[in-house]
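Peer 1: Taken in sequence, the protein lines are chains Z and H.
Heads up, the first sequence is in this note's numbering, so the first residue is 101 and it goes up one at a time.
Heads up, the second sequence is in this note's numbering, so the first residue is 101 and it goes up one at a time.
It is worth saying that the hints were derived from the structure and are not from the lab.
Fair warning: there could be bad hints in the mix.
The list cannot tell twin chains apart, which means a pair is met if one copy fits it or any two copies do.
Unchecked claim - Taking lysine-lysine and the DSS-like style, the derived pairs with C-alpha atoms no more than 27 Å apart in a straight line are:
#: 1; residue 1: K195; residue 2: K259
#: 2; residue 1: K259; residue 2: K128
#: 3; residue 1: K183; residue 2: K259
#: 4; residue 1: K160; residue 2: K402
#: 5; residue 1: K402; residue 2: K195
#: 6; residue 1: K402; residue 2: K259
Protein chains: 2
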Amino acid sequence: MAVYTHVPSEEMAAFLTRYDTGELVSAKGIAEGVENSNYMLETRRANGASERFILTLYEKRVDEADLPFFMDLLDHLGANGCKVPRFIADREGQKLQQLAGRPACLIEFLSGISVTEPTPAQCLAAGRAMGELHRASEGFAQERRNALDLPGWHDLADKCGTHLDDIAPGLAARVTQELAFLDAHWPNALERGVIHADLFPDNVLMSGDAVTGLIDFYFSCTDIRAYDLAIMHGAWCFAADGGAYHAARGASLVRGYTVAHGLSQAERAAFPILCRGAALRFLLTRAYDWINTPADALVTRKDPLAYLRRLDFYAQANPADLLGA
Amino acid sequence: MAVYTHVPSEEMAAFLTRYDTGELVSAKGIAEGVENSNYMLETRRANGASERFILTLYEKRVDEADLPFFMDLLDHLGANGCKVPRFIADREGQKLQQLAGRPACLIEFLSGISVTEPTPAQCLAAGRAMGELHRASEGFAQERRNALDLPGWHDLADKCGTHLDDIAPGLAARVTQELAFLDAHWPNALERGVIHADLFPDNVLMSGDAVTGLIDFYFSCTDIRAYDLAIMHGAWCFAADGGAYHAARGASLVRGYTVAHGLSQAERAAFPILCRGAALRFLLTRAYDWINTPADALVTRKDPLAYLRRLDFYAQANPADLLGA
Chain Z
101 MAVYTHVPSE
111 EMAAFLTRYD
121 TGELVSAKGI
131 AEGVENSNYM
141 LETRRANGAS
151 ERFILTLYEK
161 RVDEADLPFF
171 MDLLDHLGAN
181 GCKVPRFIAD
191 REGQKLQQLA
201 GRPACLIEFL
211 SGISVTEPTP
221 AQCLAAGRAM
231 GELHRASEGF
241 AQERRNALDL
251 PGWHDLADKC
261 GTHLDDIAPG
271 LAARVTQELA
281 FLDAHWPNAL
291 ERGVIHADLF
301 PDNVLMSGDA
311 VTGLIDFYFS
321 CTDIRAYDLA
331 IMHGAWCFAA
341 DGGAYHAARG
351 ASLVRGYTVA
361 HGLSQAERAA
371 FPILCRGAAL
381 RFLLTRAYDW
391 INTPADALVT
401 RKDPLAYLRR
411 LDFYAQANPA
421 DLLGA
Chain H
101 MAVYTHVPSE
111 EMAAFLTRYD
121 TGELVSAKGI
131 AEGVENSNYM
141 LETRRANGAS
151 ERFILTLYEK
161 RVDEADLPFF
171 MDLLDHLGAN
181 GCKVPRFIAD
191 REGQKLQQLA
201 GRPACLIEFL
211 SGISVTEPTP
221 AQCLAAGRAM
231 GELHRASEGF
241 AQERRNALDL
251 PGWHDLADKC
261 GTHLDDIAPG
271 LAARVTQELA
281 FLDAHWPNAL
291 ERGVIHADLF
301 PDNVLMSGDA
311 VTGLIDFYFS
321 CTDIRAYDLA
331 IMHGAWCFAA
341 DGGAYHAARG
351 ASLVRGYTVA
361 HGLSQAERAA
371 FPILCRGAAL
381 RFLLTRAYDW
391 INTPADALVT
401 RKDPLAYLRR
411 LDFYAQANPA
421 DLLGA
């Protein structure tokens, strides 16, 4: 990731005068998040108190029309005890602004670091944080369609077409076969709710074994609730170098979630299928990006095959190994 | 700029245990500086005090053998009152480390923002800061050759060859003619000293009209002292959109420098030639990067022609317009 839209500091300082934040004293472009431009700002008030914020400019991947959903969701979650970054309102109560020709928002900064190789204790805390997120979202009335659901995967596979075989021989047929399996077995009857849909270690800030923040809600939407845990399972429970499944991480993640939220018998039974769907979702979006990312893009392309290996693993896995005892 | 080397937070946290800085609580990759990877770190001590640092990993453009020069220079400048970031020593007194297979250093964080369209008052302060830098460097005994001096420009022009004409028709001949002029008129007899050699607005942190820090010394070297001011003149005194010369900025910059350091009659007389050399230096490095940057690089290529326009301006300028009354 990179900074796509350069904002002169003079414009940032003028922008901040709309807010009750004090004066701009530092601004650094940061390499973070989905394809947005992000700056870490520091302000200082007349009494000397300093505060930090994230300034986000939305590039093509986030639809401006979706921003109110994200803002309202984070307000709701924050009010219900989740450690999520709030969008900051200006003196007129406005959260969505324009800056350098882009939709832009000032957002609360949360400290914490993202782990790369989570320990079981960190998986436990992260699973619990997702369970709390799902609990806290219960009273939230708004809905947002998941564009990356099963019909969305079909669309992506169609768009990739035979180019999939350029990534790995036989991949196109493997994807077609997996889609047919998921069409036949996808557990549509499971409970739905607001899901984060992208809770990778990158998006969980930690201090030691404690979660200090959940960030980057720009894929959040309404979908099968346990599918969110399946996404997390694929993202947290395999060695970062593309390798082995860590059963202790999986068991801890699921235990943390279960303690905070609970996981029904139906959800447990469907979990391997949900994990296959999650693996296919990231396989397909990575494959699509791989095929379509211009060679001169600022984005580092992620390896789709890391998710083919997960898909193969989930297709053969013993459910008890995924869920723990 | 971007983050080229990704360092897992676990490795960063382990790295910091060598230092007396407290525990890592936040790490953000920042888009800053020459072609290094930079992270902004926050640490917290047992007593709750938090501190910020820059962690730099040196990529190909900085030669590890030059790092001791930069470290010693910044120590010397800091000890003599300049607001420059110090390299932090670990508990064993070591400043140069290895991290993720790269030479790496922990560096003091300085707050402040970089202006894009400096006011005359900001040019005055920045010129004064350079004058103070030159004063403070007087007792510094080490030397480092400027690879981007007049012989270096010849090398660059040879390497670019006729590809210069792909950037603008006639550019190769224009460069050859300018090099001949500079060979004949370069003021080699002027006083030499340590120069920053890249003191663009990006590398000066400010709070309002006050300078809070001078950063990015990775081009610093030994060369004609007033050439440093000429580089600054080209970088600070033209509209950022590639346009007009601002005489009031130029006059303020030179006044600030003169107040803090002084500028001899010989330096004033040679100033237009020094400015032509500075413009050619950035024209050539930008042209070389333009020609040689792979289309898939993470770097945004800078327009060489912005410096052709400056070169044309300096070749015809009235010295009083450059220097002020």
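Peer 1: Work down the list of hints and note, for each, if the structure agrees.
Peer 2: Evaluated hints:
no. : hint         : verdict
1   : K195 to K259 : neither (36 Å within a copy, 52 Å between copies)
2   : K259 to K128 : neither (37 Å within a copy, 35 Å between copies)
3   : K183 to K259 : neither (38 Å within a copy, 55 Å between copies)
4   : K160 to K402 : both (19 Å within a copy, 23 Å between copies)
5   : K402 to K195 : neither (32 Å within a copy, 34 Å between copies)
6   : K402 to K259 : within (18 Å within a copy, 35 Å between copies)
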